[in-house]
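Heads up: the protein sequence lines correspond to chains P and Y, in order. Under the numbering used here, the first sequence has 84 at position 84, and the numbering climbs by one with no breaks. Count along the second sequence from 1, then add 332; that gives the number in the numbering used here.
Because the hints were derived from the structure by calculation, they are not lab data. This one's a predicted model, so the numbers in the text were calculated from it and none came from an experiment. Beta carbons are placed, not taken as given, at the ideal position from N, Cα and C, and that holds for glycine. You can trust all of the hints, since none of them are fake.
Partner residues aside, some chain Y positions facing chain P, computed with beta carbon under 8 Å:
no., residue
1, 384
2, 387
3, 403
4, 404
5, 407
6, 428
7, 468
8, 499
9, 501
10, 506
11, 532
12, 534
13, 567
14, 570
15, 579
Ranges between beta-carbon positions, derived for each pair:
no., chain 1, residue 1, chain 2, residue 2, range
16, Y, 394, P, 153, 38 to 44 Å
17, P, 88, Y, 593, 47 to 53 Å
18, Y, 394, P, 259, 47 to 53 Å
19, Y, 606, P, 259, 35 to 41 Å
20, Y, 606, P, 153, 21 to 27 Å
21, P, 302, Y, 375, 35 to 41 Å
22, Y, 421, P, 309, 33 to 39 Å
23, P, 48, Y, 394, 55 to 61 Å
24, P, 220, Y, 587, 46 to 52 Å
25, P, 19, Y, 365, 51 to 57 Å
26, Y, 394, P, 296, 16 to 22 Å
27, P, 227, Y, 413, 31 to 37 Å
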Amino acid sequence: MSDAQTIQRAGPPAPEAVEEAWSRVQLARHPQRPRTLDLIGVIFEGFFELHGDRTFGDDAAIVGGPATLDGVPVMVIGHQKGTDTESNILRNFGSPHPEGFRKAQRLMRLADKLGMPIVTFLDTAGAFPGPAAEERGQAEAIASSIKLMTGLQVPIVVVVLGEGGSGGALALGVGDVVLALENAVYSVISPEGCASILWRSRDEARTAAAAMRMTAADQVDLGVVDAIVAEPGEGAHTDHTATGKALRAAIISAMRRLSGRETAELLATRYARLRGLGAYLETGAASPARPEVPSLRRRIGRILHLPGVPRRPRWSEIWPSNDTDDDNERGA
Amino acid sequence: MPIKFPFSRRAAPSDAWTKCPSCDAQVFNKQLERNQRLCPSCGHHFRMSVGERLDLLLDRESFEERDAGLEAVDRLGFHDDRPYDDRLEASRVKTGLRDAVVWGTGTIEGQRVAIGIFDFRFMGGSMGSVVGEKLARCFETALAERIPAIVVSASGGARMQEGTLALMQLAKTTAPLVRLDDAGVPFIAVLTDPTTGGVLASFASLGDVILAEPKALIGFAGARVASDTVGEEMPEGFQTAEFLLTHGFVDAVVPRPELRSSLARLLRLLPVAAVDDGAQTTPPERPWGPIGALSGLAERFGGAVSETIGIDVDQPPADGNGRTPAAEREEAR
Numbered sequence: 001m002s003d004a005q006t007i008q009r010a011g012p013p014a015p016e017a018v019e020e021a022w023s024r025v026q027l028a029r030h031p032q033r034p035r036t037l038d039l040i041g042v043i044f045e046g047f048f049e050l051h052g053d054r055t056f057g058d059d060a061a062i063v064g065g066p067a068t069l070d071g072v073p074v075m076v077i078g079h080q081k082g083t084d085t086e087s088n089i090l091r092n093f094g095s096p097h098p099e100g101f102r103k104a105q106r107l108m109r110l111a112d113k114l115g116m117p118i119v120t121f122l123d124t125a126g127a128f129p130g131p132a133a134e135e136r137g138q139a140e141a142i143a144s145s146i147k148l149m150t151g152l153q154v155p156i157v158v159v160v161l162g163e164g165g166s167g168g169a170l171a172l173g174v175g176d177v178v179l180a181l182e183n184a185v186y187s188v189i190s191p192e193g194c195a196s197i198l199w200r201s202r203d204e205a206r207t208a209a210a211a212m213r214m215t216a217a218d219q220v221d222l223g224v225v226d227a228i229v230a231e232p233g234e235g236a237h238t239d240h241t242a243t244g245k246a247l248r249a250a251i252i253s254a255m256r257r258l259s260g261r262e263t264a265e266l267l268a269t270r271y272a273r274l275r276g277l278g279a280y281l282e283t284g285a286a287s288p289a290r291p292e293v294p295s296l297r298r299r300i301g302r303i304l305h306l307p308g309v310p311r312r313p314r315w316s317e318i319w320p321s322n323d324t325d326d327d328n329e330r331g332a
Numbered sequence: 333m334p335i336k337f338p339f340s341r342r343a344a345p346s347d348a349w350t351k352c353p354s355c356d357a358q359v360f361n362k363q364l365e366r367n368q369r370l371c372p373s374c375g376h377h378f379r380m381s382v383g384e385r386l387d388l389l390l391d392r393e394s395f396e397e398r399d400a401g402l403e404a405v406d407r408l409g410f411h412d413d414r415p416y417d418d419r420l421e422a423s424r425v426k427t428g429l430r431d432a433v434v435w436g437t438g439t440i441e442g443q444r445v446a447i448g449i450f451d452f453r454f455m456g457g458s459m460g461s462v463v464g465e466k467l468a469r470c471f472e473t474a475l476a477e478r479i480p481a482i483v484v485s486a487s488g489g490a491r492m493q494e495g496t497l498a499l500m501q502l503a504k505t506t507a508p509l510v511r512l513d514d515a516g517v518p519f520i521a522v523l524t525d526p527t528t529g530g531v532l533a534s535f536a537s538l539g540d541v542i543l544a545e546p547k548a549l550i551g552f553a554g555a556r557v558a559s560d561t562v563g564e565e566m567p568e569g570f571q572t573a574e575f576l577l578t579h580g581f582v583d584a585v586v587p588r589p590e591l592r593s594s595l596a597r598l599l600r601l602l603p604v605a606a607v608d609d610g611a612q613t614t615p616p617e618r619p620w621g622p623i624g625a626l627s628g629l630a631e632r633f634g635g636a637v638s639e640t641i642g643i644d645v646d647q648p649p650a651d652g653n654g655r656t657p658a659a660e661r662e663e664a665r
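For reference, chain P alone in the conformation it holds in the complex (with noise of 0.2 Å):
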């Protein structure tokens, strides 16, 4: 990286950037975008839905169910948004609780037993964050969901239909291929939490919007999502028949492209892209407690306690608890 480069990159969201994510945010978001349930219509056959977690309910944010696609059966799931007040209150807003991940998981043990790929649709602001959503372990649903995906032994094609809401998100969202919608967006947390915590104010949502480079377009450079599909006119919701037929297309090539590979490498191959998605400097600094040089003498010298050969430092001595917490630093 070029000094320009670096100098370049460590100001606040440039005008334009902030624009653009927050512009695509308000397309993700739009209340006419096509949800999944008007997408499967148009992408799938014969879509049966299926419902409850066989634990304690039916998760109405979360739907699905086999169908066909190209004649081949599929288990498709996804978050499901309302389109009108009544139905997002029944949907609660694409938000599931730990029951629709637990019906998420169920549909994706039948896929596995049966052999049938899955296609997962992504739309939720985020997984439930209330008290009853603690209590049944929202944490535990999503973490067991994103284990039992790396681990199927069928191929997944995940889409990133409108918000990618951050672990809620990611609880459906492990695959081998990840496609993303145009204006579809990505995010470790939403924007207003984003900011809410960083910027201390919820209305620095664009700017936080913008610095988490949340566009499908950032999400293809980071690795993250492997295609984008272009999204008709104005945006996806101006014609969701088209949108449908765009989908369709991109994931029966995917689809076509997983189909020849063994288990043994469709699974190795997701373990891979896993283990790949990062980013990080590799130094070969050593680490504080390994003395500078080791000689054999202090190594013997510290074997016998030998007086004159200074004893290894505590841990607690190199890291010790020297200041008081700071809870400015926060996490998602």
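Keeping the supplied structure of chain P fixed, place chain Y upon it in accordance with the hints.
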């Protein structure tokens, strides 16, 4: 010209005392250090640094840190009121750590484990690419060496400054756990104050056994985020270790003085599954007696002796980089 004393005045009066958040007692910091960072009057569990945690849990001098050189990079060019790089640097200076997790191998009452430990003081223990990579390597080493894995968490969740790359660490740290299941290698999660967000929504909830420290804050959504979104006040104590215990999401709430012995007992009770086909990577038992001592020496010095004296030496397994510990030692020189 002011005279400089050779010994700096490290303990300024204001730093010498800490107020206990539970009972309001003023606690002398030195006393906290001596008392496993427990409040002497009410037993409140103060947060521990990674160094204190290592001394608490592992056998003296048994810990060998791995991948100490991994460093975060600002892939997004993230800037809020200051650049991500500045926040990283501030945390490095404050803690002496390179990132929020330290991992390595060591022994607990003689039982070898791969262990990763969070330090909340480093950017709130948040999980970015370095934390995810280190934990994935910790699990992969546990798998390769067939030793139990332990992770002690203290984290606010995924690191927002790394965007979805941080979110993807949930999957990166979870994927190896499937392999541990298949291989019969146990994983114990220890949840300490606080364990929230993306860390709880990944490996921390997936321990074969999950222990938690008393009164630790453990929950998916931060209380502020929750009440912002839901629009109602959260009930008192709905995200504590004890709450999770009564709702079936942790196995035991273990006070700090018993944590090391509890882990040791569990390690004895939940051994790594025996391998039936000899083709696995388990190193054979080192021969006892003089030959054993020789081969032990050989291992220590990177296997060079084995050729000269022609005995079969256990080859230490390669780590995630394909480098052997011996090669790493070489590099360290």
